[in-house]
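The lines below spell out each chain.
There are 2 protein chains.
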Amino acid sequence: MKKTSLPLSQVYRLLEPGPVVLVTSARGGRANVMTMSWHMMVDFEPPIVACVISNRDYTFGIVRETKECAINIPTVELAKKVVGCGNTSGREVDKFKKFRLTPAPAARIGAPLISECYANLECKVMDASMAGKYNLFILEVVKAWIDRSKKHPRTIHHCGQGVFMVAGRIIKLPSRMK
Amino acid sequence: MKKTSLPLSQVYRLLEPGPVVLVTSARGGRANVMTMSWHMMVDFEPPIVACVISNRDYTFGIVRETKECAINIPTVELAKKVVGCGNTSGREVDKFKKFRLTPAPAARIGAPLISECYANLECKVMDASMAGKYNLFILEVVKAWIDRSKKHPRTIHHCGQGVFMVAGRIIKLPSRMK
Numbered sequence: 212m213k214k215t216s217l218p219l220s221q222v223y224r225l226l227e228p229g230p231v232v233l234v235t236s237a238r239g240g241r242a243n244v245m246t247m248s249w250h251m252m253v254d255f256e257p258p259i260v261a262c263v264i265s266n267r268d269y270t271f272g273i274v275r276e277t278k279e280c281a282i283n284i285p286t287v288e289l290a291k292k293v294v295g296c297g298n299t300s301g302r303e304v305d306k307f308k309k310f311r312l313t314p315a316p317a318a319r320i321g322a323p324l325i326s327e328c329y330a331n332l333e334c335k336v337m338d339a340s341m342a343g344k345y346n347l348f349i350l351e352v353v354k355a356w357i358d359r360s361k362k363h364p365r366t367i368h369h370c371g372q373g374v375f376m377v378a379g380r381i382i383k384l385p386s387r388m389k
Numbered sequence: 212m213k214k215t216s217l218p219l220s221q222v223y224r225l226l227e228p229g230p231v232v233l234v235t236s237a238r239g240g241r242a243n244v245m246t247m248s249w250h251m252m253v254d255f256e257p258p259i260v261a262c263v264i265s266n267r268d269y270t271f272g273i274v275r276e277t278k279e280c281a282i283n284i285p286t287v288e289l290a291k292k293v294v295g296c297g298n299t300s301g302r303e304v305d306k307f308k309k310f311r312l313t314p315a316p317a318a319r320i321g322a323p324l325i326s327e328c329y330a331n332l333e334c335k336v337m338d339a340s341m342a343g344k345y346n347l348f349i350l351e352v353v354k355a356w357i358d359r360s361k362k363h364p365r366t367i368h369h370c371g372q373g374v375f376m377v378a379g380r381i382i383k384l385p386s387r388m389k
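Line order of the protein sequences matches chains U and H. Just so we're aligned: the first sequence equals residues 212 to 389 in the numbering used here. Just so we're aligned: the second sequence equals residues 212 to 389 in the numbering used here.
Just so you know, these hints were derived from the structure itself, not from any lab. Among the hints, erroneous ones may be present.
Identical chains blur together in the list; that is why a pair holds if it fits in one copy or across any two.
[Stated by the list, open to error] Subject to a maximum C-alpha distance of 16 Å in a straight line, what follows is the list of computed EDC-like cross-link-like pairs (lysine to aspartate or glutamate):
no., residue 1, residue 2
1, K354, E303
2, K309, E327
3, K383, E288
4, K344, D254
A quick note: this is a predicted structure, and the numbers were derived from the prediction, not measured.
I would like the entire structure built from these sequences, with the hints used as guidance.
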């Protein structure tokens, strides 16, 4: 990967816009990829993220058990693979193989990262107490990677039923907001 | 408002893409507006939403006490007002007045809606048990309104420090994902 380390204080800037992400997890040498849009930042530093993983998803049990996963952020070039991962289950298929995604070793967790994604966030589950009631996990991002050659990553944002909004123009306004 | 009721089953399609929203709340006849980006869907129907409201924000106490708020979704035309609301506190200013936002009565809650926003979600707090530890509230959307004349609303998505991504082109891919 031609990626470099991203300071953890900057992680919120990647997730706050609300992109579709690919969650990778692994158990017993078997890795999986899940498409996810239900995530939000909870704190800046250390970066805390909340996400919802349905208990019907193969990933749910793996994340609850291994207490680890990675959040990989794709751009529009990967849209078809992203939908493919959303339409299949890791119970039946090896999604890395089926959708030709390249696993890359993580630094702090066992789950592989997706090389084709422009950013990768290595996460540890810090609180699964809401997983039973809401399928909600609280994650801490412990390591972040980014491809700095992507100046304006065209992330995709799911509007439901296979309709995606592609990240458009950037505007800057004088702001005191972090 | 020339808005019509939106079926609650469609609410996720508005929040899942991750737009910046304006949270309205009211207590003792005094209404406030807060800019928020940290939200996610938790369930489809009834639509359950999780959001993070800092305990330093004036809105935090109002929402915890009244157990109500509205999520108003602005488009790029309102970007300056959105940043203005994010840079000021309701403790000192009446943001409806200062930023010339028009309050509209809600159907199911006491907090006013923002007329200028293309969609408004009336919410009741269903779980504040994580407000102490994570500033996290679980909301149920009990009524939703939308301006159907806005075919492709240019929502704004915060990338941090006053940098916003404006909703770009729409792509559709054959998908079994809801």
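Q. Any of the earlier hints contradicted here, and which numbers?
A. 1
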